[in-house]
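Chain residues, written in single-letter form:
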Amino acid sequence: MTILLQAVINGLLIGGVYALAAMGVSLMFGIMKLINFAHGEFIMLGMYIAVVFTGVGIPAGLLGIYWVVIPTMVVTAGVGALFYVALLDRAARFGESPQILLTIGLSIGGIGLAQVVAGSDFKLPPNPVNGASLALGDITFQVGPGIAFLLAVAMAIWMAWMLKRTRFGKNARAVAESRETAEMLGVNAHHVFLVTTTISIALAGLAGALVIPYHYTYPSVGEDFVVMAFLAVVIAGLGNVLGSVLGGLLLGCIQSLTATYFDIDLSTAAIYVLFLAVLLLRPEGLFTAARRTV
Amino acid sequence: MRSCAAICAMLAVVAAASFLIQDSYILGVMTVTTFLAIWGQSWNLLSGLSGNVSLGHSVFIAMPAYVTVVLFQTWHVPVLAGALLGIAAAVALAAFIGAATLRLSGPYFALATLSASAVMLSLILHFSDITGGPNGIPIAFTEADWTNLEFDHTRSYLLVGLGLLCVVTIFVAGFRRSRLGFYVAVIKSSEAVARAAGIRIALVKVVIYCMSAALTAAGAVVYVFYLRFLDPGFLAGLTLSVEIALFAVVGGTGFLAGPILGAAFYELIDVVANARFGDVGGWDVMVLGFSVVVIVMTEPRGLCELALRLVRAGGAPARMRSVQREAK
Amino acid sequence: MTGSIVGSRLSRRRFGMLSGVALSSGLLPARLSAQEPINLAVIGPMNGSNAVGGEMVVRASKLAVEDVNAAGGIHALNGAKLNLIIADSTDNAQGAITTTERVLSQQKIAGVFGLVISPLTAAAIPALIKHRVSVITASTADSLVTPANGGYLFMIGPTGSALGRVAVDFVRASNTAKTTNVTKAAILYINNAYGQSAQKGVEKLVRESGIDVVLNSAYPENMTDASPLVTKVARSGADVLFPLSDVTDAGLILTALHSARSKVLVFGAGSGFTWPPIGQSLGEKVNGLFGAAAWNWDMKNVVSDPKLVNVTTRYEKVYGGYMPEQAGEAYGAMWMFALAMEKTASADSEKLRDALATMKVTSGYPTIIQPGLVEFGANGANPNVKAVMIQWQGGKPRTVFPPELATHQILTPH
Amino acid sequence: MPEPLLALRGVCKSFGAVRSLVDVDLVIAPSSVVGLIGPNGAGKSTLINILTGVYQPDSGSVIFGGKDLVGVSTAQRARLGLVRTFQRPSPIVDLSAIEGVMVGGLVRGLSRTDARAEAQAHLARLGLRAEAERSPRTLPTGRLKLLDFARVLMLRPKLVLLDELMSGLSGGELEIVLDTIDALAAEGIVFLVVEHLMEVIQRLSRSLVVMDAGSVIAHGPPEQVVRDRRVVEAYLGSDALATPC
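Top line first, the protein sequences correspond to chains Y, C, U and G.
The first sequence begins at 1 in my numbering and counts up by one.
The second sequence begins at 1001 in my numbering and counts up by one.
The third sequence begins at 2001 in my numbering and counts up by one.
The fourth sequence begins at 3001 in my numbering and counts up by one.
No wet-lab data here; the hints were simulated from the structure.
All of these numbers come straight from a predicted model, not from anything done at the bench.
It is possible that some hints are incorrect.
Restricting the straight-line Cα-Cα distance to at most 25 Å, the calculated cross-link-like pairs of lysine-lysine (BS3-like) are [said to hold, decoys possible]:
id, chain 1, residue 1, chain 2, residue 2
1, G, K3044, G, K3067
2, Y, K33, C, K1188
3, U, K2062, U, K2307
4, U, K2317, U, K2300
5, U, K2285, Y, K123
6, Y, K123, U, K2396
7, U, K2317, Y, K123
8, U, K2351, U, K2081
Hey, can you work out the whole structure from these sequences and the hints?
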């Protein structure tokens, strides 16, 4: 029983990072109908930026290293805005295949760029979070993934509020529903897209900054996270932002349970079986109620 | 049809020219390019013509490659027979994945196929007793014997590849003029319109997915005997899947010559960047990736379109214009 | 447009190379023999997650070539200098084959070191055999050890299974010495060529030692979290864990072990426990950690020879950080090529191959690899080489086992 | 009275809280041209989507030619002779004009030669002979809509749903379409015409269906329907309300 509980908790905590990554992918898809295959590389970018900030100094105390989160998000948000202005704005007219290929090219090039700039070394600044945990009886909670989990939940709540209540959220949902109609009603779709991209990439930066205390940073690190994020997004229902958070957590649990009780090698396959089952039985996604986006 | 004849003539010229080349490296690069072009062309049959982007075509390379080689090495099944079984296995796999995912729209399909290749890799690694797992399977060269797809000269693989590329190109050209080709064109335009026109979309898509898988697999079984080594990370990896998609899009999905030009261009950038910058890590990959970005941003319809535009701007001779009309 | 620019650059390069070959082979044979530099190639992954291994091999090879040239080049060839050609094998078989073909077909190459990752080495062998150029590698997969490689592949370091075995040997020794009392072992191994070889070595020896294997589990290379594995270890009731790992996964496993407050004894094997990243990431906490290494910078044969100490200190000075395992092997391998050239008075790759197959080196720089006799058996492996057990002490990996190579006492963590 | 070609009984369809169709009954005789009008949001599009099988009704039944259409896919319905055009032109950009039309014949199982011959005849009838081999990329909207019309006619339909086919046509094109509809109606093909152009509706329709707020509020001969008080109210009232976009 302890083992089962521990496995589920581990899964939820791992799932936090998947959820953060998935949220960014899903937001962009929901509003812009674009799958950003370079999202993993933006997570990687966030990790490198965060590592650079840790070079400035790590304040004492268990959570001192987390000061880098905010500046990392600010920088990645800026990169996100640039990404939209320089590439996506123009690429929006190209149609699906060129867009997919654009982000794939960016992903390949980004890995190369990271190696050119930062070298191929594995980087992980020594810090007290790495390996730290809280114990509750026999159950332990890893601090690093735990914080990622809490922030994923917080971001999900913020996102739900933002999409529902704020002016931007309302505009974004209108654009997601029908760009033409929204524009006729006076919504500036470019502005919505710019903000969406910025938030999405800032979320990638957040995910990156939250992983660096316990995961090595290296040029191709993004790939390892992003495939899970894509699966979470699809299982939840493409474009369903909040569902993607649940999707990420669910995948974390499946991964943890298969790894604990069967074989971690099979967890990819187990997740894929779930994925096919969802496609066959609930093509609109596990967590999508009606045909609604966002 | 004229563009198809022109392409086959060009490939024949390449085949003839290969006899003037002795450098095994250049022959090797030409061979690799040819097989990449075969896969790009096969991919285009599905994704370019129907608009469903597959990012998992490497499963149709890994599957037949492993089936053929394992059957040959373990049970001494003749290579050609094993190759047919391998192609059949790839088609069955395509029917299975396709039936589950092709009912859905583009992005789902892209992600579903992408993860299919991840799963294929994890299964190959897991069942290492059969597949050799991460060690891969070396294919020892015994003697030149075409029935075992063993040739003692790289050029032979190049020539077989060029022949296969011709066949695939003719097939794709013929397909575009066929009943099914018309249906696919309607589906690409709009699935709602296709449905309203009485076209069974799911069936059509699964059928062309299977065709695309079969052509890809046909290239794969020859290719692995050129490579003489089954590397799971490469054959079933994400990179190859993604690259195959890149070829057609870089070259231009709407053109018969698109995937071939795209594969040639991509491989050229790849080997040149590797030779030029290979001693300093990262540069070659960076150049490769960002050149794709530059091409997509400059001409999203691909290099063929770019070439046509340049020809047009430079006062195209009448014959070129007719080729261009036909390519459309 | 881009295409034509690249194209013209390519053709210029080609022309340059072709005319260069024509000159050297046809026109001026007599004058060139004295001054013509001899090409050795380092081919390995310079991209992807294995690039770190490629990079350390390149660094050490550069150092070795500098040293050979500074010592007057190859004396038997009128002081001909060595020239190092560095090429990226990429991280897949196709790239490795293409690159090997390019390097071997466009210039005369006396020998190759590298390919680093076993599948890349395996993939490149047919090309090497075709061009009759031998390769010395630090790859570890047991499947490479076979006469089928035509005598062109030489493995300078211990195999993966030997690497795994030293960890078990070490535990067995400490069991005998009553420092530990281990009865149940868990094995976690990365599912790549190295991991599988190491696992075979560990499992066999653990069973022979009368220790139960209660868990034996592979995990994928791109794992993002190891806590489920650690939960599984806890569930298995093992008192010793052998993680056979590369870099990122080793980091994740150690993190998860700390988090789970695991009391299990850990004896790792592989780059994850011996390369610089683990020391850099754990800071002080790394001290006390054990790992099996193919080579270590402070093995007895190295520190007892001032010439070799000079090498490791220069490496440390130039590149910052101690000389890691594959770097030491690369350095020794380059010298093996140089000695073979001296012995045969030739830079012909075929003659060098024959020399490598029969050479018995007992002194000089190749003994950086191991004390005593360095040679290659008929299957291409180096029969006398030993893997070592290191323990991190003072932020550096120190050799603690086997006794004949150890330079430091084991520190028992409090 | 002959058996109706199409009969809807008590059809309801909601999207979340929005009730798009409320208890719709509609019977269409096997020989007629029926106009369907109503303000924006009245449920016309939903009705068409129900008829063609894009949506399944929440309740109620749809009988076409004596066959219950529950669970019958859009494509099958098209092959049964229940076809539609779309508001926006839907050219098949990768095919030439005539090839896009031929598709309708190919689906019926014609050989490509036969399909081409038949498509040629339809194009000639609609005045498109000169454009047959051109790419639809190069054709103006009106021409594209005629191509769409030709494609559905190639399916040998029994019931054709024309969703604002006529808006955007030039005067000459409109005349050709109206004449074609008249001629085909005389041959026994039924048309359900959704259109905002009242003069077109009045010229074509033998009966007129008016929808408002998800219900059919009137059905009968045009001259009688336009005098119906509820229709006038719906239109006058809605004109002020329903035209922000």
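We went through each hint and held it up to the structure:
1. Distance check on the hinted pair: G:K3044 and G:K3067 sit about 23 Å apart at the alpha-carbon level, within 25 Å; holds.
2. Simply put, Y:K33 and C:K1188 have alpha-carbon atoms about 17 Å apart, close enough for the 25 Å limit, and the pair holds.
3. Taking the CA atoms of U:K2062 and U:K2307, the gap is about 17 Å. The hint holds against a cut of 25 Å.
4. Distance hint between U:K2317 and U:K2300 is fulfilled; the C-alpha atoms sit about 21 Å from each other, no more than 25 Å.
5. In summary, the hint linking U:K2285 to Y:K123 is supported, as the alpha carbons are separated by about 16 Å, within the 25 Å threshold.
6. At most 25 Å may separate the alpha-carbon atoms for a hinted pair to count; Y:K123 and U:K2396 meet this at roughly 17 Å.
7. As the CA atoms of U:K2317 and Y:K123 are separated by approximately 20 Å, the hinted pair is consistent with the 25 Å bound.
8. Proposed proximity of U:K2351 and U:K2081 is supported: the alpha carbons are some 18 Å apart, at most 25 Å.
Hint violations for this structure: none, all hints satisfied.
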